[in-house]
Amino acid sequence: MTFRMKWTRVLALALAVLAPAPVLAQEPPVRIGYAIARTGPWAAGAQVTQEPNYLLWADQVNAAGGLNIQGKRRKVELIGYDDRSETETTVRTFEKLMGTDKVDLILPPWGTGANFAVMPLAQRYGYPMLAPTATGRKLIEMKNPYFFALLQQPDRMMTALAELLAARGVKTAAIVHVDELFGLETVSALEAALKAKGIQIVEKKSYPLGVKDLSPVLKDFKAKNPDAFIGVTYPPDTFLVTAQSKEIGFNPKVFYAAVGTAFPVYKQRMGESIEGVMGLGTWNPRTSPAAKSYFDAHVAKFQKEPDRWASAHAWAGLQIMQQAVEKVGLDRKALREMIASEEFDTIIGKIRFKDGENVLTPGIVSQWQKGEFEVVWPQARATAPVLLPKPEWK
Amino acid sequence: MSRRAPLALVLGAGAVLAPMPWLLSDFLLSLALSCLMYAGLAASWAMFSGATNYLSLATAAFFGLGAYVTAWGVAALPWPAVVAGGGLVAAAFAALVGAAILRVRGAYFAVLTFGLGELVRHAVTYGEKRYAGTVGRVLATAPSPATVYLTVLLIAVAAVGVAVLVRGSRFGRALAGIGADEERAETLGVDTRRVKVAGFALSAFFAGALGAGVAVRWTYIDPPAVFNPFIGFQTVLIAMVGGAGTVGGPVASAVVFSLFTEFLRLRFPYAYLIVLGVLLIALVLYLPGGIASLWERPGRRRAEAPSAEAAGG
Amino acid sequence: MSLWLDLAAGGLITGGIYAVVAIGLNLQYGLMRIMNISHGEFLMVGAYLAYFAYTGLGLNPLLALPGIAGTLFLLGLLVYRLCFRRIVRTAPGVEAIEARSLLVGFGLLFIVQNAAFVAWGADLRGYEFLAVPVDLAGARFGANRLVVFAFALAASLLLLVVLRFTLLGKAVRAVMQSPTGAHLVGIDTAVLHPVVFSVGLALAGVAGALLSMVYEISPSMGEPYTVTALIVITLGGLGSALGSLLGGLLLGLVETFGMHFTSPSLKMLLSYGVFVAVLLLRPRGLFAR
Chain P
0 MTFRMKWTRV LALALAVLAP APVLAQEPPV RIGYAIARTG PWAAGAQVTQ EPNYLLWADQ
60 VNAAGGLNIQ GKRRKVELIG YDDRSETETT VRTFEKLMGT DKVDLILPPW GTGANFAVMP
120 LAQRYGYPML APTATGRKLI EMKNPYFFAL LQQPDRMMTA LAELLAARGV KTAAIVHVDE
180 LFGLETVSAL EAALKAKGIQ IVEKKSYPLG VKDLSPVLKD FKAKNPDAFI GVTYPPDTFL
240 VTAQSKEIGF NPKVFYAAVG TAFPVYKQRM GESIEGVMGL GTWNPRTSPA AKSYFDAHVA
300 KFQKEPDRWA SAHAWAGLQI MQQAVEKVGL DRKALREMIA SEEFDTIIGK IRFKDGENVL
360 TPGIVSQWQK GEFEVVWPQA RATAPVLLPK PEWK
Chain X
0 MSRRAPLALV LGAGAVLAPM PWLLSDFLLS LALSCLMYAG LAASWAMFSG ATNYLSLATA
60 AFFGLGAYVT AWGVAALPWP AVVAGGGLVA AAFAALVGAA ILRVRGAYFA VLTFGLGELV
120 RHAVTYGEKR YAGTVGRVLA TAPSPATVYL TVLLIAVAAV GVAVLVRGSR FGRALAGIGA
180 DEERAETLGV DTRRVKVAGF ALSAFFAGAL GAGVAVRWTY IDPPAVFNPF IGFQTVLIAM
240 VGGAGTVGGP VASAVVFSLF TEFLRLRFPY AYLIVLGVLL IALVLYLPGG IASLWERPGR
300 RRAEAPSAEA AGG
Chain S
0 MSLWLDLAAG GLITGGIYAV VAIGLNLQYG LMRIMNISHG EFLMVGAYLA YFAYTGLGLN
60 PLLALPGIAG TLFLLGLLVY RLCFRRIVRT APGVEAIEAR SLLVGFGLLF IVQNAAFVAW
120 GADLRGYEFL AVPVDLAGAR FGANRLVVFA FALAASLLLL VVLRFTLLGK AVRAVMQSPT
180 GAHLVGIDTA VLHPVVFSVG LALAGVAGAL LSMVYEISPS MGEPYTVTAL IVITLGGLGS
240 ALGSLLGGLL LGLVETFGMH FTSPSLKMLL SYGVFVAVLL LRPRGLFAR
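Protein chains in written order, with numbering that gives the first Met the number 0: chain P, 0 to 393; chain X, 0 to 312; chain S, 0 to 288.
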């Protein structure tokens with residue numbers, strides 16, 4: 000061998016012998032990159048449901064010494080950017096993280112639109128992504144092998160609602176929904192589910208995002224006197240229909256507003272009026288001891304509560320990733336294989352993916368009772384019995 | 000004024016930028032694409048609005064229409080047809096409404112075009128929902144990133160090139176004349192109505208083509224994303240900061256702005272827009288002629304509202 | 000209450016909300032041709048101040064209004080001095096003032112909105128105040144909405160009175176009609192401009208505080224309100240205080256009746272359709288003289 004190579008070997012050997020003991024050597028951190036909405040319209044959701052969980056998780060993992068990868072403990076380094084609620088910026092940032100910075104792992108952005116955009120990139124670069132805030136048949140139908148949707152899809156959620164209504168003898172329903180992909184898909188799932196249970200839809204109206212007054216619609220509904228009001232609504236509209244139903248005295252036996260009821264701000268904004276209101280949820284601190292300690296840790300770090308729906312899915316996604324990484328290391332192909340085939344234990348119960356969809360978490364209906372968003376359906380998961388009819392608005 | 004040199008510059012830049020898909024990483028390529036997109040948008044905006052002083056905020060409407068043409072057509076039509084179609088649909092729309100709306104000026108026109116953009120957005124939302132049963136479209140088939148980049152490069156080069164050609168032509172002088180004194184231009188024999196509509200439609204074409212080209216990058220589009228008024232605001236901002244009476248100003252501004260914003264965003268993940276806002280205000284207050292005033296010859300220096308340079312061209 | 004009256008009342012109340020949002024912007028544009036595109040951001044600041052006053056200090060938002068108005072007035076003086084004074088002084092013409100103040104407005108929008116994101120976080124916030132139904136001749140309305148409506152009327156009328164009968168008001172109208180003439184009779188625009196600008200900002204903050212009683216708040220809540228304000232003042236005639244009140248009420252009525260007789264999905268189409276139509280047919284606004 001050459002002179003140079005020989006001396007390099009000797010040097011290396013000498014260093015290896017003379018180097019300090021391994022316990023003082025720092026392992027390189029595991030670099031986890033993401034872009035998420037910190038400003039713009041998506042930020043309200045992203046900053047309640049998703050990014051706080053990323054930060055909390057990294058804190059907890061590092062406090063425990065780091066991820067346990069093939070016998071070595073390696074700390075987590077989060078590399079997060081603001082995507083400005085812009086799809087183009089999201090795409091570009093993930094190209095940087097995966098293509099240029101070559102991070103070890105990625106975490107998904109918030110919302111169906113952004114996840115749609117990042118999915119092809121994840122496949123191209125080979126990074127599995129576990130998405131807690133993406134819904135839609137079209138998304139799942141893309142059959143992207145690197146994409147895993149944690150959230151219960153609309154059909155499952157609406158079937159659960161229909162089951163609850165049927166079990167409690169509800170015969171008629173009035174529906175209002177937002178003119179958005181989520182609204183449309185959820186409503187068609189709802190219509191199918193209600194039809195299957197023989198519940199009649201007496202009225203169905205839709206509205207565009209940004210509407211500031213729905214009282215004409217609600218007054219119309221009131222006149223038709225349905226057993227159930229079902230609003231497939233986004234947070235601003237959820238607040239609006241709640242406040243305005245109270246104003247006009249529209250008080251059906253069942254009052255359901257889809258998105259936003261699970262947010263802590265709903266309670267803050269609506270006060271005691273929310274007693275009996277139902278919506279999309281999955282958990283609360285009483286679901287399990289693990290859920291309670293997650294809840295407490297979240298409140299301790301951020302002085303605000305996680306939401307009662309997708310926050311837990313975000314946390315579950317991180318748990319799954321951690322479990323997978325600690326089993327197979329950072330080989331992303333192996334990670335993908337593992338996530339796609341195994342069953343995992345998380346704070347929302349067992350999760351397994353089939354064709355990229357979480358098939359073990361059932362559709363759930365939650366209801367505000369005495370200041371907590373209780374899980375009331377299915378009964379196997381319930382933390383409280385269903386309160387029906389809904390008490391008068393306070 | 001010689002148009003040869005600027006045109007050669009534009010084409011030369013295009014040639015230099017063409018091999019980038021094979022030289023740059025995905026991220027840098029996307030950044031370059033972003034610069035090119037805004038260069039094209041700003042140059043075509045300035046070509047019409049900078050000259051005539053009809054400050055249009057309709058860019059988002061044209062961009063979005065182009066994007067939707069892609070959404071509707073990309074699975075069935077060849078790529079060049081889709082992109083050209085996006086431009087043509089936007090231009091047709093501009094021509095259609097232009098005759099009616101190109102009568103009020105200044106802030107009124109800005110607000111009117113803004114309202115028009117929102118009207119288009121809500122019309123598309125409603126139409127899609129009612130007749131197609133969906134809001135938002137998945138673009139499952141997409142050409143390769145290199146193709147998309149080259150498409151945007153081509154459109155940007157065309158937009159800037161056309162802006163240069165227009166500026167030195169009779170058409171361009173007519174536009175500037177309308178900007179300086181519309182009534183006087185009429186009495187001098189300019190068919191102001193035709194000229195305005197043509198200019199409006201021409202600038203809309205490029206905005207629509209760019210929308211059509213870029214939409215595939217997002218895999219899923221919906222009205223709020225593609226009819227985002229911010230695209231219009233940013234175009235106007237870039238063009239005016241660059242110096243809306245020139246061609247080089249908006250182009251330089253687009254590049255500087257895109258690169259600088261990206262640098263800030265990556266460097267200060269939480270506060271960069273604040274820095275941007277401060278810089279923008281400082282720029283407007285202390286360099287009101289725009290970036291272009293840094294190199295425009297003193298005799299030709301003009302405020303961002305170009306005045307009586309109708310003859311100077 | 001009959002259907003028509005019910006709808007009309009609802010429309011007027013929503014319209015009152017729209018009018019309140021527009022008052023401040025109207026003043027700034029009418030007097031100085033400053034199209035303050037960051038108007039909604041200061042509205043948002045007012046909303047947050049009311050929120051903190053209520054949740055942090057337990058202060059009734061209505062009582063907090065003077066404090067909020069005062070804070071925003073001072074902020075307005077600062078903003079004018081730093082950002083707009085130079086434009087008004089050095090711009091070669093009215094169109095240049097409009098164009099440059101538009102750009103500065105964008106800069107302010109970035110700064111204020113993102114400062115809010117950084118300082119207060121992106122989460123939605125809200126509180127409950129006066130969310131009790133009130134019975135009016137058989138129909139029920141939220142007390143908080145009625146309060147906003149009452150305030151819109153009161154503020155608009157007060158502004159009209161001030162503009163018509165006080166010396167300050169006459170000075171403002173004089174400058175609106177003829178800046179040079181006003182100068183000749185000794186009206187000092189160097190004092191008038193900042194004052195009027197800041198009053199506009201203060202009104203935006205007050206509108207925000209009132210709105211926080213009815214709707215949830217977030218740092219990005221401002222832009223839709225800026226848009227609404229623009230529509231309202233364009234409908235009513237730029238610079239006309241009575242016009243923006245009537246424009247707001249009209250917009251509310253159009254929306255409410257439109258939503259009922261067609262469908263809520265068409266609400267946005269209707270609003271913008273009316274807006275564009277008015278701008279084309281009567282660009283000076285419906286109520287301008």
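Do not rely on the hints blindly, as some may be mistaken.
[What the hints assert, rightly or not] Here are the in silico distance ranges between beta carbons for each label pair: (1) X/255 <-> P/144: 35 to 45 Å; (2) X/98 <-> S/177: 28 to 38 Å; (3) X/132 <-> P/361: 51 to 61 Å; (4) P/333 <-> S/261: 15 to 25 Å; (5) S/118 <-> X/27: 30 to 40 Å; (6) P/384 <-> S/142: 55 to 65 Å.
If you're looking for bench data, these hints aren't it; they were derived computationally from the structure. By construction, the Cβ of each residue, glycine as well, lies at the ideal position given by its N, Cα and C atoms.
Is 35 to 45 Å a correct range for the gap between the Cβ atoms of residue 255 of chain X and residue 144 of chain P? Holds - the Cβ-Cβ distance for residue 255 of chain X and residue 144 of chain P, about 41 Å, lies within 35 to 45 Å.
Does the beta carbon distance between residue 384 of chain P and residue 142 of chain S stay inside 55 to 65 Å, or does it fall outside? violated, 34 Å
Could you check the hint for me, namely that residue 132 of chain X and residue 361 of chain P are 51 to 61 Å apart, CB to CB? violated, 28 Å
Are residue 98 of chain X and residue 177 of chain S spaced within 28 to 38 Å by their CB atoms? The hint (28 to 38 Å, Cβ to Cβ) holds, given that residue 98 of chain X and residue 177 of chain S are roughly 35 Å apart.
Pairwise beta carbon distance, residue 333 of chain P to residue 261 of chain S, judged against the given window 15 to 25 Å: violated, 57 Å
Could you check the hint for me, namely that residue 118 of chain S and residue 27 of chain X are 30 to 40 Å apart, CB to CB? Check passed, 34 Å falls within 30 to 40 Å.
Checked against the numbered hints above, the structure breaks hints 3, 4 and 6 and satisfies the rest.
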